[in-house]
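Protein sequences, first through last, are from chains A and B.
All residue numbers for the first sequence refer to my numbering, where the first residue is -2 and numbers rise by one.
All residue numbers for the second sequence refer to my numbering, where the first residue is 335 and numbers rise by one.
To be clear, the hints were calculated from the coordinates, so they are not data collected in a lab.
All C-beta atoms, glycine included, are put in the ideal place defined by N, C-alpha and C.
A couple of the hints might just be wrong.
[As the list claims (entries may be wrong)] Ranges of calculated distance between the beta carbons of each label pair, as one might list FRET restraints:
1) Phe41(A) <-> Lys436(B): 24 to 34 Å
2) Glu237(A) <-> Gly464(B): 43 to 53 Å
3) Lys436(B) <-> Val35(A): 34 to 44 Å
4) Lys399(B) <-> Glu237(A): 45 to 55 Å
5) Asn432(B) <-> Ile84(A): 25 to 35 Å
6) Lys399(B) <-> Lys165(A): 46 to 56 Å
7) Asp455(B) <-> Met38(A): 43 to 53 Å
8) Thr117(A) <-> Asp455(B): 42 to 52 Å
9) Lys436(B) <-> Asn102(A): 28 to 38 Å
10) Arg499(B) <-> Ile180(A): 35 to 45 Å
11) Asp277(A) <-> Lys399(B): 18 to 28 Å
[What the hints assert, rightly or not] Derived DSS-like pairs: lysine-lysine, alpha-carbon spacing no greater than 25 Å straight-line:
12) Lys484(B) <-> Lys165(A)
13) Lys436(B) <-> Lys227(A)
14) Lys376(B) <-> Lys165(A)
15) Lys467(B) <-> Lys165(A)
16) Lys136(A) <-> Lys322(A)
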Amino acid sequence: MIFKFQISNFKLHNTGQSIIEIVVALAIFVLIVSSLGVLIMGSFSLLARSSEFIKASALAEEGVEAVRGIRNRAWNELIYNRSGVEIINSAWSLTGEGTDEQIGNFTRVIDFLPVYRDSTGSIAESDDPGAYSDPMSKKISVSVGWDIGGGSGNSVERNTYLTNWNAKFWEQTDWIGGSGQAIWSENNMYDNDDGNINVGTAGEITLAEIATSTYASTSQIISSAFNTEKLANFIAIYWEESLPPSCPECLIKLQIKTAPDDNGAPGTWSGTWSGPDGEDGDETDFFTFATGELINIYHNSDQWIKYKAVLKGDASTTPVLEAVKLYYQ
Amino acid sequence: MEEIKDNKGLTLVETVIYTALIGIVISGFISYSLVIVSLKNKNYVIEEVNNSSRNVLTIVSKKVKQARAIISPAKGATSSVLIIEMSGGATSSISSINNIVKYSTSSLTQNITSGHIEISDLVFNNLSSGGEKDNIRLTFTASYKEPGSKEYMYEENLQTAVAIR
């Protein structure tokens, strides 16, 4: 009886407790193991992601520096809103409007945003009063994106402002010395005009007064040829003008011609007077923004430059051209 | 007597179940530990590669930005050694010696990357010409040095560029 009691006692004790113990123990074990597993996998994927971030940041930096390299060579190549970069002849260049790059798993997009300035020269919003687009400044935004699976992605972005601060310029502010100077030496002379121009006041070009208070309606003047003394990239053209407010049709517009060097004299000039479209076989396009416009890359690597200014009035009043400034690198 | 029979039968079944359960649990535990250990190694390897790559990237761009001029590679050329002239006139160089990237000045030589990491195909390309400022493009491959097994194999290809200021 004692033996039997002991066995049955042991049996009762043993069976019930053991199964619950195992189930509970297993459950706890599985819980701990799976949460630890999630934790470890999480830290692992975090680390893998950090190497993606290192690579992407390096690529974004490369984009910024590539554009900086292009800036140092020829600012007027930066004419696109969005472009990839590539290496041509051991130099960075842009691949063209709307392009981006695929580098391994990464997609690099470089956006070029206009920079607006107010009358004091500070950077302003585009809709601020008096804000104008500064052609010598650009905001560069480089974004490197990659897919991390599950339809979602990651990206790294680098932004910078680039300005063309180290460009040289040729400026003419006075034409009082008159015409007849084909090659620039006197800084107040020019090559020729059509006779309807008045340069008698220092620092001003106006339409000629053909009768009392009656002005010629249109006229043009062609400058002397300026020698940059090196293979130059002509970047931008600026001028100062004052247009009478009472004359909505008054305007001043400019065109340029460039030439390579020929033993210290200008070689063959561009076939036609060109505006922002470059040498395109016609003379219909003009630079019209006195606050500055980029010159087409067609004119890069020439050495000589001259400009033609066209003044238009309404016969009773005249626009005034006060200075012309041409930037080159 | 019936109860004793019951008891013996149950004990046997129990033993079988216990053994099976313990077997499953232990084998699960062992494989789990193995996975954790290999993940730990892999983590270590990735972190080492990342650290060394980041060091190379930041030190090269910092030094080039501070430099007055780039002596090697010449404009338009490619080289495995970067020699820069610092603003004081002293020169220093960055190159890969025995797959470890070193920064040397006239007085000291410093390792930039860890000895566990192999930096191969370190190439500096000077993408500029004429009177322009030097623009250095840098490409390299960073990998773990002793690829004993899969968990020790990790490799990254990196590229960046930097222009002198």
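Quick rundown of the hints versus the structure:
no. : hint                                : verdict
1   : Phe41(A) <-> Lys436(B): 24 to 34 Å  : holds (31 Å)
2   : Glu237(A) <-> Gly464(B): 43 to 53 Å : violated (32 Å)
3   : Lys436(B) <-> Val35(A): 34 to 44 Å  : holds (41 Å)
4   : Lys399(B) <-> Glu237(A): 45 to 55 Å : violated (37 Å)
5   : Asn432(B) <-> Ile84(A): 25 to 35 Å  : holds (30 Å)
6   : Lys399(B) <-> Lys165(A): 46 to 56 Å : violated (24 Å)
7   : Asp455(B) <-> Met38(A): 43 to 53 Å  : violated (32 Å)
8   : Thr117(A) <-> Asp455(B): 42 to 52 Å : holds (51 Å)
9   : Lys436(B) <-> Asn102(A): 28 to 38 Å : holds (31 Å)
10  : Arg499(B) <-> Ile180(A): 35 to 45 Å : holds (37 Å)
11  : Asp277(A) <-> Lys399(B): 18 to 28 Å : violated (41 Å)
12  : Lys484(B) <-> Lys165(A)             : violated (58 Å)
13  : Lys436(B) <-> Lys227(A)             : violated (40 Å)
14  : Lys376(B) <-> Lys165(A)             : violated (55 Å)
15  : Lys467(B) <-> Lys165(A)             : holds (16 Å)
16  : Lys136(A) <-> Lys322(A)             : holds (23 Å)
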